[in-house]
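Residue numbers (the working numbering), protein chains in the order written: chain W, 24 to 344; chain H, 8 to 336; chain Z, 945 to 1284.
Keep in mind the hints are simulated off the structure, nothing from the lab. Model, not experiment: these values are computed from the prediction. In this text, a Cβ means the ideal position worked out from N, Cα and C, and glycines have one as well. Please note that a few of the clues may not be correct.
[Stated by the list, open to error] Output of the computed footprint for chain W on chain Z, the stretches with three or more beta carbons under 8 Å from beta carbons of chain W:
1) 1120–1132
2) 1212–1218
3) 1265–1275
[To be verified] Distance ranges between label pairs, derived from CB positions:
4) H:V88 to W:R30: 45 to 55 Å
5) Z:M974 to W:F156: 57 to 67 Å
6) Z:T1111 to W:M128: 52 to 62 Å
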Amino acid sequence: MLAYVIRRLAYGVVVVFGVLLFLFLLFFMMTNPDDVARKALGERVPPEVIEQWKVNHGYDKPLFPSSSNLTDNMLFEHYRRMLTFDFGRSDADDTLIMTRIREGMGPSLALTVPLFILSLGVAIPFALLVAFFRETYIDRTGVVLSVLAMSVSILLYIIGAQYLIGKLLRWFPISGFDFDPQLVVRFLALPLLVGVMSGIGGNVRFYRTVFLEESNRDYVRTARAKGCGEARLMSHHVFRNSLIPLLTQVVLAIPFLFTGSLLLESFFGIPGLGAITVDAINGNDFSTLRTMVYIGSLLFIIGQILTDLSYGLVDPRVRLE
Amino acid sequence: MLEVAGLTTSFPGESGEAARIPVVDGSDLEIAGGEVLALVGESGCGKSMTALSIMRLVPKPGRIVSGSVRLEGRDLLEFSVSAMRQVRGGEISMIFQEPMTSLNPVTRVGDQVVEAIRLHEPVSRSAALERCLELFVQVGIPDPQARLRAFPHELSGGLKQRVMIAMALSTRPSILIADEPTTALDVTIQAQIIRLLRDLQRELGMSILLITHDLAIVNEMADRVAVMYAGRIVESGSRLDVLARPRHPYTQGLLRSMPALAPPDERLPEIPGVVPPPGQWPDGCRFATRCSIQVEECRRCVPEMVAVADGHLAGCHLVETGQEPGGEA
Amino acid sequence: MESWVVSNVVVALIVVGVAGLAWFGLRDRMWSQALGELWCRRRYSVLVIAFYVAVALLDSISWVGGMEAQSDTVARYKAQSILDRLFADTRERSYSAPFADREFYGGAALQRPGSHVLGTDIIGRDVFYLSLKGARVALLIGGLTSLIAIPLALLFGVSAGYFGGRTDDLVFFVMSTLASMPGLLLLIALIMVMGKSTLAVCLALAVTSWVGFCRVSRGETLKLRELEYVCAARALGVSELRIIFRHVLPNLMHLVIITGVLMFSGLVLSEVVLSWLGIGVDGSWGQMIDQARNELSREPIIWWNISAAGSALFGVILAVNFVGDAVRDILDPQTLRQGE
């Protein structure tokens, strides 16, 4: 088991290096720092200013290490900074990226964590219900509704909810954010609703397939043959065995949460990491963007490792390896 | 004790509900108390589906369309869902062909047996565990105390089947349905499991419906034999009658193709062709397409089961008219 | 060569290619049976998709000239598609509601009263026309991206699965690296670096979407490799390339079809989000929705352009999702279920 953990962690580190290499390729080799500088400073600035800006933002060094110069180059700097979380300053407005991330973390978590839990909490019971009534009209209706729900663009969900609930019915504010516990619930209600709605179709359909696949297995027939009722069958046998594929899917959903919250945050005026990313896109802020990709990947890789390790908790077959 | 009469189970055909295709078609079976009845036939002839129909566990969209399954006089097909649940695992237990996949992979085997006990009797967990331990000893699981906490993947196929048997016996059922209990096991393990089942049956005095295609097992265990072909029972009688004096050409064919009964150095006589799949069964005698001695009548009408001796029935036109080649073998 | 000539040639090639594939498909028993079953189960969805494809084709064949009678002088010298010609000179000055004969704000008379089935947008373009034009963009995004992503995924997946060893390690590393980056962020980064163009969007979408299919084709190849007839072919000394083309690739075709259909809706929906971020494809439904978004806050509100674009988008995605489901059930009940 310990060897497995170590191997898994080591591979995680390798993938982090891969991600960083890809980011280097994309943001340093395929982009010209002069263009980035011009976008930040304006078209008609003297070359000295641009050179100075490049020095300040660390774009002035040679790209690759050479035999005489192993550390003072962009490749090395890129790895050093990312691995030590020293992200430097924004290309657009010179603020420290780390400061903005710290500010954005709270609102982002306030949105994504409840969203994550709610999505699972709504989709799994629905899927269990639909799978329980398999081959009946409830099942067929459920599947058709899921496909309908997943065919609507998230943009339309957002616009629809803001217009209907926010503007016409005035139940919740259209956008905004506050850490005050009473206000935060009102502000988060709409984005949470939209987040859950936009994912529910795909989730219910996927979980239903997993549950159905499990309920066709031989051990389910055994449980029936020993007199187990259908409800107990679903909760005790099918659900526990479905946890393995479910867990995989849940981790796969983490980056989608990250990107889904990107839309939700900027539409609903929540000053989180997603909003920072959208600002970075609009302001051609390459350094912030690559930091966000890096952090997103890091979270995902950690999540993946945690899932692989937690397979042992739900699947005894993994435990002995 | 258990009487199955006219049992018909069907599945929707390619064109849907309107054209349902029977997979078990009017089967009659009878098992007396403390008796082992072997249900014999090639794969795909409806043996397993008969067993599942008795348990009312026919997978959807299949359905039992007619007939009756009487357990001590009460028709199980008329039981409510919850009453039927009490029968399953309570009065009738079942073990399956695939011990590898028939146990829940994420639950300890002890807990699975405990669940079976507690579904039927209001006993505490520790009392149920106690009983489980006794059962494990009874079915010959070595080191039973440690095995209680084992997961299925930690056990061999033979041990898993022993756990399945322990689970099936945990509530002292009056009937055990064993659906090809040894097919997936090694030959040596097969013999052990069969011996175990026979010993337990004698010890506990229960009835067994043994489903198999292996005539050697039938010879070793069965009191009576029913031969099934294409959804129908074609011959039934005591083991001696059916195995030594088979009257239906299908039974005769099955027996001839057994290695132990054939003369050495000779190619085993086989029954030509395969069981036609449900939906393509011929109109008259189902076996007519493969039978070597058929007459005109076989293709036209379904033969009745007639008594050829006391308690020995066969469904063949030639038997009816007394022209059949007679019991060799 | 003029760009419109190139685009016509490309369209012709695609039509011929699809027709050829369909002909081969109908001759093969398995594929024609699958098609027949699809038609039985999802007749309406297939018809809806056929309608979108027809509209997209109408918008894809274009030439210069023949527009001299129009008031729009630019149109005379630009290549115009059949669809453009059908809706030539339908432009008004500003908003008008469906079937209206006056402008929505101000009430000035329209040039073509009652002819705008879905009204007009802020600069007076016919919304019905714009919605129809979106079909070509959506098919372009879905089609071009699949055309890039699927061969890429097959190349890497099959070689990783077939050759194993170092190749497999490398492909697996590239896959896990790409799969670790949140899709939308990676998409944005790629498009920003490559610049905003249709091709860039499709390339970026391809880079972010090939990994899933690559994983599936690697797994299938691993399985196929171990099959007896492939081993037999190897033992007989058949060359590796020949084995891949004769035995491996044909057995992956059903997965290619399923993935293509299932990928399509995801790609089109991603483009909508990109449009909102300002890095989408010109003329897409996403852009229409994005432009129409602010009009919901007007008083009285403009509802017709966002609903038109939204419904057009919803219609095709729904049809494709239904067909995708059916295709998967018909061609492959098992492989793709897990890990999608």
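Starting from the hint list further up, note which numbers the structure goes against and sort them upward. 5, 6
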